[in-house]
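Chains as they are written, first to last, in our numbering: chain A, 636 to 1284; chain B, 386 to 555.
For the record, the hints were derived by calculation from the structure and aren't laboratory data.
Accuracy of the hints is not assured; some may be wrong.
Label pairs and their computed distance ranges (CB to CB) [as the list claims (entries may be wrong)]: (1) GLY807/A - LEU450/B: 30 to 40 Å; (2) ARG972/A - GLY417/B: 47 to 57 Å; (3) VAL449/B - PRO1041/A: 33 to 43 Å; (4) LEU450/B - GLU977/A: 47 to 57 Å; (5) GLY807/A - VAL490/B: 53 to 63 Å; (6) GLY867/A - ALA390/B: 52 to 62 Å; (7) GLU977/A - PRO499/B: 19 to 29 Å; (8) GLU977/A - ASP506/B: 54 to 64 Å; (9) VAL931/A - HIS505/B: 50 to 60 Å.
Away from chain B, derived, C-beta distances all over 12 Å, residues of chain A [said to hold, decoys possible]: (10) PRO672; (11) THR744; (12) ARG808; (13) HIS818; (14) GLY846; (15) ALA854; (16) SER860; (17) VAL862; (18) TYR890; (19) LEU899; (20) GLY929; (21) GLY1010; (22) GLU1060; (23) ASP1134.
Note that the Cβ used here is the ideal one computed from N, Cα and C, for glycine as well.
One letter stands for each residue in the lines below.
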Amino acid sequence: MVAVPDRPDLGAIADILSDAPDVDRRGEPTGRMAYPPIGDYAVIGDCGTAALVARSGSIDWLCLPHFSGPAVFAALLDYRHGGRFAVGPVAPASVNRRYLGASNVLETTFLTATGTLRITDAMLIAGTAGGIEPLREVIRVVEVVAGKVEIEITYQPRFDFGRLRPRLRRRGRLGWCCEYGEHWLLLRTELPLILEDQVATLHGRFSLAAGDKRHLCLAYVRGESGVIPLLGAAADQRLATTRRWWEAWSDGCVYEGPYRGAVLRSALALKLMTYAVSGAVIAAPTASLPERIGGVRNWDYRFCWLRDASLTLSAFLGLGYRGEAEAFLGWLLHATRLTWPELQVLYDVYGEAEIPERSLDHLEGYRESRPVRIGNAAYAQRQLDVYGAVIQAAFDFVRSGGRLAPEEGRLLVRLGQTVCRSWREPDHGIWETRGDPRHFVFSKLMCWVALDRLVTLQATERVPRYDEARFRRERDAIRAAIESRGFDPAVGSYVAAFDAAGEADAALLQMARFGFHDPTDPRLLGTEAHVRRCLGHRHALIDRYRTQGQDALPPGEGAFVACAFWAVEARARRGDTMGAASDFETLLALANDVGLYGEEIAPDTGDMLGNFPQAFTHLALINAALALQGRATPHAGAAETPDSSGTAA
Amino acid sequence: MSGDALFHLRNVLIWGLVATTAMTTILQGSQGLGLSRLSLPFLLGTLFTGDRRLANVIGFTFYVLGGWAFAALYYLVFLVLDDKASWWLGAALGLLHGLFLLAVVLPLLPYVHPRIASEHDGPTATRRLEPPGFLGLNYGRRTALTTLLGQLVYGAILGAAYAVHLGIPK
């Protein structure tokens, strides 16, 4: 390994980003212009990790060996030091992209003045190639389909988020290898690349003519024998097998309602972000993409948030993916045991409970948005809504015909006991505000959900009937507290926190989804109107809350896209199908060219903000579509049983 | 079988297993700790199958059997040397064994192993495993050290066991 140099070597970035106007004396892009818009990225993955591919053809983000591992390409967060794997035309080009069929195999087509270049990117799904496979493999197939195109390749692996520049070594006909500790990475291609940059970069320019096809296969193993990928027809075969695997998975989607393309793309994005080994679904495959350009709201989302639990279960079950729903619930109930009977805000893909946060000061951050954080200090926060999210998920699973093991039933009861002990205390809320804890109404709502669903499960003998009377009593007390201190008659709306007059919170758009009132109840209608009035933007976008003075960080962020889809769902649930469909279509138009969403969108520019792609957003999209189709499940659990008296307002 | 032969066989089986277990723990521990990517049982198993899981099972089985076989060989050497057997002589034998493995056997693997690729010929549909190279250095710079340590401990245990059981004071 050699140290990171003071002077970066940008290689061929200037040509790859030839439309960037902000360049230095050598013609290389500088500062913010070196970073593509977040929405310019597409994602490929293998249900273990994911890579972000820019429209330019550059892989600017890849963590190994799994989603939460250190990045080996992190140009996304520092274009000079982060490392990338760029393949693209030298000349300026117009770019078209798509996923092939119902798969996560990405095809990027570059139309240049002299010819057309096509790049097909995918990560191989484990177990599909047969025989001994590397732990991870990225395949890039480069093909000129018309005319002649001069292409340029830059391969800059940088281990540990750009901290370490590996020494690339030629291993005869096996390819180019580099190592860092137990990590082993090998690039194999038919193209004769040249070592540059103190043997830490491979580079090459080649002229290809119509019909020419080349492969670049990147294999990775950790702590075991390296596996050399085959090129040529064998690589094409692996790519085809991967595409067939994704398409076979997509065939399992039972959703036949409107907007099926967008729903299926969201489902594919979710599946891609599911860690196959444990069933956990991560929030996003990236870290520290900013919620405001140049701002400090830069968080690491490569973990599993329990707040997503009920939305995840309901989306998987609604689309017919029972296996994924079971795996996810299994992860929820077992991988989180390290903290039972308390639940944390987030866990890693294996259920690890401690996820310390630290800054990577050697990275400048996406468009100079510092600090770059990895890990997430929110793990140590108290967030009471997660109890409701987990119990609601179990409830949905049972209602769909699933059975809980006796031990799982006992665990749910223990969660209910924790809720009874804790709901009167303040917390940091669903938005994980970094200021003082407050009595967030949404947290109280989810505590009510937890106890209400538990009582229903107990009434139907699905979980042990310990503490049933206490659960009913506390549930009713929570409802009474929400109605008396969480509703502001002056604005006719539930508010963000107890006694917080007029303060809107878009999370409360989910009150109808969780059956707190009938969707047409005046209090819910008033809440929806108040949220739209206070937090709404054009394009049906909605902020999650007012950042000004509401948390301990400098204000300013984009509109939270999931909230916009919750508003669609709320509107659909109360019967305004036309209005909901109109808003839904408006929001669909804000997706990027391959149908992906980040966490937020800047209302004034339409630019994506925050980590990308975002599971929360795609979950909300799916659930909104299910509501529009009329298949959304009414979540008022008690309403389905004779034991419904407790849910009445 | 005579009483002496049974005595020797029992010693070879017991102490061969102990020494193999110790050596395997060191080698696999080194792999788990990220010191080396070399797993000799896995490479042994892939002689017979291209299935990773099966290769590990078969490989560990043959590795233990091989451990016993080499224990018998070491035992014969100790018998020949008779009263010179000791833990340090065993360790020296293990070191020699390890050096032979690293310097001769591992570099030869691409020519004899059906699933290890060659840098000269490139991979094929079946030969796709990375060759270990001279001293196993392709599998990490510490591979030679961890392999030698494993072999050294293996030999030392066998040497010490021989010395103790035959009552040679050392």
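* Asked: Any hints this thing doesn't respect? Which numbers, in order?
  -> The structure breaks hints 2, 5, 7, 12, 13, 15, 16, 17; every other hint is satisfied.
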